[in-house]
Structure formats: structure tokens, C-alpha cells
Amino acid sequence: MTELATRPANPVVGTLVAHESAALHVTGTAVYTDDVAARASGVLTAWPVQSEHAHALVKVDPGAALVVPGVVRVLTAADVPGVNDAGVKDDEPLIPSEAMFHGHALAWVLAETAEAARLGAAAVRVDYEPLPSIITVAEAIEAGSFQGIPRTVRRGDPESVLATAPHVFDGVVEVGGQEHFYLETHASFAHVDSEGQVFVECSTQHPSETQEIVAHVLGLPSNRVTVQTLRMGGGFGGKEMQPHGFAAIAALGATLTGRPVRLRLNRTQDLTMTGKRHPFHIVWKAGFDDSGRILALATTLTSDGGWSLDLSEPVMGRALCHVDNAYWIPNFVAQGRIAKTNKTSQTAFRGFGGPQGMFVIEDILGRVAPCLGIDAATLRERNFYAPGQTTPYGQPVRHAERLHEIWRRVLDESAFDERRAGIAAFNAEHADTKRALAITPVKFGISFTLTAFNQAGALVHVYKDGSVLVNHGGTEMGQGLHTKMLQVAATALGVPLDAVRLAPTRTDKVPNTSATAASSSADLNGGAVKHACEQIRDRMAGVAAGLLGVDPHDVRFSRGRVGGIGASDPSLTFADVANAAYHQRVQLFAAGFYRTEGLHWDTEKMQGEPFKYFAYGAAATEVEVDGFTGAYRTRRVDIVHDVGDSLSPLVDLGQIEGGFVQGAGWLTLEELRWDETDGPGRGRLLTQSASTYKLPSFSEMPEVFNVHFFERATEDGVVYGSKAVGEPPLMLALSVREAIREAVAAFGAAGGIVELASPATPEAVFWAVEAARRAAERAAPEDRPAGASVGAESPLVPFDH
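Going by this note's numbering, the residue at position 363 of the sequence shown is 1508; the numbering climbs one at a time, nothing skipped.
Note that these hints are calculated values from the structure, not bench results.
Ideal Cβ placement from N, Cα and C applies to all residues, glycine included.
Check each hint, because a few of them may be wrong.
[As the list claims (entries may be wrong)] The calculated lysine to any residue pairs, modelled on SDA-like cross-linking and capped at a C-alpha distance of 20 angstroms, are:
hint, residue 1, residue 2
1, K1234, K1654
2, K1654, F1598
3, K1234, S1353
4, K1750, S1353
[What the hints assert, rightly or not] Quick list of the computed label-pair ranges, beta carbon to beta carbon:
hint, residue 1, residue 2, range
5, R1730, V1171, 40 to 46 angstroms
6, L1161, A1648, 22 to 28 angstroms
7, E1257, E1848, 50 to 56 angstroms
8, A1531, N1411, 49 to 55 angstroms
9, F1843, D1683, 47 to 53 angstroms
10, G1533, L1169, 46 to 52 angstroms
11, A1283, F1571, 37 to 43 angstroms
12, H1698, A1736, 20 to 26 angstroms
13, D1683, N1411, 21 to 27 angstroms
When you get a sec, could you build the whole thing from the sequences and use the hints?
Below, the structure is given as C-alpha cells:
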């Protein structure tokens, strides 16, 4: 086992530790970005002037706003001393000459109060020259409206195999987007000190990139801008790219007025101005042999990128790399392209394209299983990767046996077969209520596909009294990263957890950091923290060796004590050694660095090994569907998930539970609706509040929720043998959708095909139930051909743009 993965005796990692800010969270005393602004004096508030058209040329006259009491300034593009760029490709942070979506910020008003800023924004005159707009992916495909570079992952000869496969099916499916709906909306606070240094407190997942964009906008070098992230009230990917422009507005306002500026979007502004999870339109054709093994798959994925690229290209790249999910597909081609529409610029969201990619194959298997006469769970297991096989993009699937073991464990622990027999009996007795139990797997690649992002830094201080201060480049958004880093530092130094404190993430402490994203932050920052701590520990070991009369290699640090193998004297306290090191002029601080080794990826060819490892899991979900309303209950969920050797079990348990529920929301509840009419509101987001956008609540929680870690799963080459846990559990929720599909099928004839919208809202489920009932009345299942279209007709076409 590598030194990075090896745990010492009595480690703090792996112990049951509450989230480091849990007490602050539950008492309402945790400080967030806008709380920092509220404690300052003389603060101005920024308020946007939003476009009332989805696409139009605009002329903005701020004159009327300047006479509104309390208004101080209206920011325009002419005020930008540097680059008019918000970090989102093709974006303008201030006053664009062309509104690209309904809600686009056309100007920003600075005022003494939020109310004065709001009134000032309402007074700004905007003249519109409407232009044609594209709102749906279908409209974009028809118009040939695409952006970015199309990509293709290919293996074998799928076209030839599909021409001769015993069973061939094709179809079309769409999967909707999702709003992040973090509790804390986008917020930034900026001020300029007496030396002209710009300080920005920002709710951002990527402080270094926020720093870079603010510097570009202000025309300053990065060393004149400091960005701090104390904590975020949720992020989920929505604060990876999109905070930069808001931070730039606050910093520009502070620079021009000489006063602090706060910018906090209200919920409606956040919903109408910021990007979502990418909706996908998918066309597919799949071939199977008589035993149900997948012979070939050809698919075209078209994402709705919105009006600009943002992170749409890497999102599509990861989607293409996850179409296979857990399944060996010997002949494979997946093409990806990005539609350009007049909607918010869609962005990162937990899973980063992986969920949409996995959705493709899971939807296919769920649809075609009845046609093949094979149980869906059996069909899935029959196609699992085996040891020694590789993905379509050329990466060996290490530890493929874990997937099989996890699957069998879920089947056993959920009493899968026994409960299915009981469900069949229940369904036979209930005409208007049906139950179903489905199981789905997850194989999710961990690392940034942009190899350069797979690095991290840390700065650790040990003080003379033995207390420890840790700085690292990751950000805390409630996911428990800081808790894990405290545990890593305590373990590496051999001190109690309460001896370690974590400082806010700041760009003047740890520079050039990567985003807290891709589920990689514990791996990356944990490696850097461990590296820094080990340097200090090794220096202190030399000091302790002299005090104990032993060789430095025989010095041991554990639980705040420092002893030596064979030492005649009793052990020393960690504080004793730290104090002695200071008096011997031994350095007690260190910068740590970590880079993920073994990665290589060719974006042009879409081939290589972009991931350090795969995280595996499986979930079995039982649902009950009401045939009158389409509403469903989640009666029970059983999950087994591979987290390696967990750094922080309570944190990881919460991530698995929360990720699953968020995934279930995406697939069954959270429907984004836009005005697609030709009226004056075309392009307007209709679901722009919690009253119209349905989020999971307690009533949607599983009634029984069993979560277990896969045991004996140390991941070599990763900090203390752990594995990432932030994103993979979200995709376990595909089991909810598949269970709903099977419950709907129970309303119809045996062997019936169920096409299920996504999200599978109660309305969508109701219509699927009606379709199943009507199909049962029209035809007997034996009349259905073995190979057939199971979706709307739509050809697989090569890119032509």
C-alpha cells in the first residue's frame, strides 16, 4: 500500500465526528457572505436591471435612476477599466448591447439601501429591439443552433453490429434540467483598503478563478485582489463559474465609489439569472443478443447549453464518458453536441454531466427489458463490466469485482427476491395501486477531466503551544470538506482534533487553487494538507529524538503525545516538542502540495485515462404508485456504496443520503418550465419560486432508508485510502425512476413497454399509467415484435455544423 493511503495507529480519520460547523448551523450563528456585509458600515447595495425579452438589442438610459433618492451610481460597460468579462465565455458582466435571455442583467444600480436600489433599477429606461429567440432544444436542432466543439467517443464497429444484431431497438428520450436551489443565493461583498488592495468575500466554489476574473475586470494584477470564502450555504456546482461576474460587479462598484458594495441576489433573481443542470435530448439505437447482452449502442446527446458555453463542453465530455455506466458495451459510439438557446447559461451541477450520461443506458435497459423477456435487474447484472475490461474511452475498469459484490449485497440485504414476490401478490389484489422494486448500479469516475485541475495546495502552522492552524484551497459549502481536512491534519500530526483549527479559504494564503468540484476536493486538498503536516512532523521528530534519546525514525506521534520506540524517558506532549523546536530554530510551518498521478486524457480523441479511480454503488428502491393521481411513495431504499476507507463516516453518510434525495428530486419532481409561446413573455422562466418549483420535502423521503458502506475497500494511492462521495450517490436515484416505471407497467399487460417522462412528476406518471392501461386494452403482449422502436422516430444523424 502506498504511503499516501496508509493510516497510522489511532487515526482521527475514520472516527465519528460531527460537521465542524454543525452547532453554528443549528443555532443560526454561522456567518455567511451577506452577514459579513451586514456588519460593515457605509455599504452600498447592487441591484440588477433585468431584460424583459429573451433576445433583443438594447439601449439603456440610466438618467431617471440617478434622481431616485438613495441611488449613488449606475454601472455601465464604460466604467470597466479592464476586460468586460464575467468568466462565462461570451459574457459581459455589466451592460451588454444584446440581451441574450429573459432576465439578463443589463445594468447594475448602486444605492444606499436595497429598496432604493430596487426602485432605481425600476426607473432605468430600456429600449428593446426584439430579435428571434430559440427556447427549446428541438428549436435549436431545427435551426442548427449549436455552440462549442462536438465530441465523439467510439469503440468497435457499432454500425455494422447494429445491422445484424438479433434484437435492435431505438428511441428518443429527454431528461430535464434542475435548479440548484442552494439555501444561500449568490452573494459577494467587496471593499478597497487604503493601499488600493481589493478584498472580496464571495460565495464561490472557485476563489482563485473569482480572483482572476475580478482582477481582469479591474485591470489589476492578481496580487492586488484577495478573495475569501468563509463558507457557502450550498453550492452543488452552481457556484463554480457563475459567482465571478457578481464578484466583479461588487468589486467594480467598490473601486468606483470608494465604498463597500454588497450584492446578494434574491431568490427570484437567482432563479432567473443563473444557470441550471443541462437538459438533454437523446437519440439512441441499441442491439442485443438472445441472452440480453448488449452488442452495440449508438447514441447522440444534445444538451441545452443556454446562451453561452460556460462549462457546457466539459459537462458534455463527462456525460459521454458515463453513458456506459456499469456495463460492458463492445461496440459503442456516443456523439455529443451543445445547443445554443436564449435561456440562462447552464452550468455545473452535482454529477457534472455524469447523471445525464448514465440516464441514457439505464433508460434503455428499463425500456427494452420487457421486449427481451428478461427481468430488468437480471438484464443489468448480466451486462456488468468484468475484471480486465476497459471503458469505451480506453480506461481499465479497476476493481470491477466490487460492483458485482455490491450488487449481490444489496440484493441480499434488501431481501430483493422475497419482497418482489410479495409485491406481485399485492399488485394482483389492488387494481388502482401498484408497487415495484428496482435496482440500479453506479460506476462514476473521479478526477477533473482537465488534468491541470487535479492539483491542490495547503499551508499549515504549528504554534509554540502545540495548536495547529490549517489553510487549504478547498471551500466549504456544507459538504464537510473542512471537517475531513481537520481530521486529516490531526491524523498526520498525531494530535487531538480539538488542537486543530481551520482558517477561511483565502487566495493570499493558498494561491492558484482548483475549484471545489468533481468530487475531488477531499482527495486533492487532503493530499496537500497531509504533505504539509508530514513535513512539520518530520522536523519535530528530529527535535523529539534528541529529547528522548532515540533515532528520529523511531519517534511516534499519537493522541497529542510524542514518544519513541525503546525510549527510557516517558513520552512528551506535542506542545513540549513544538516549544522545543521553536527554541532550536526549527521551522514549524510548511506548504503542502498534491497532484494526482497517472492521469492522461486526449480531449480531441476522447481517449485516455482521465480518472484516478471509479466509485461504485447500487441502490434498490421500492415505490407505490397511485393510479388515480400518479403520485408515488418511496417505501424503502437500500444502498451499498463504496467510499473506500471513509475519512469521516458521518459526513459521508449524509452525503449519500442527501445526494440520493437530490437525484430523486431531479428525476421525479423538479420540473423547470419556460414560456415557449410567441407572446411577450417568451423565454421567461415560469417556475421561479419555491411555490412553483417542486423540491423534495419530508413527504418525499424514503419511509425506510438503509445506507451501508462497502467494507474492506481501501483505495490505494488516495489520502488514507478514502474515496470521493460528493457526486456518485446522486445517480443511485435512477433506481427510483426505474421502480416507478415498473409500477406503471403493472397497470398494463405483462411485458408492456413504459415510456416515462423525466422528471416523472405525478402528472407525467398519471399519463404513463393511462398509456399502459390503453395499451393493454389494444393489444396482447405476444403481438409485440422482438425488436422494435420504443420511442418517437428520430434518426441518428452525424454532426453537420
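Inset, instruction - Sort out which numbered hints this structure fails and list those numbers smallest first. - result: 1, 4 and 13
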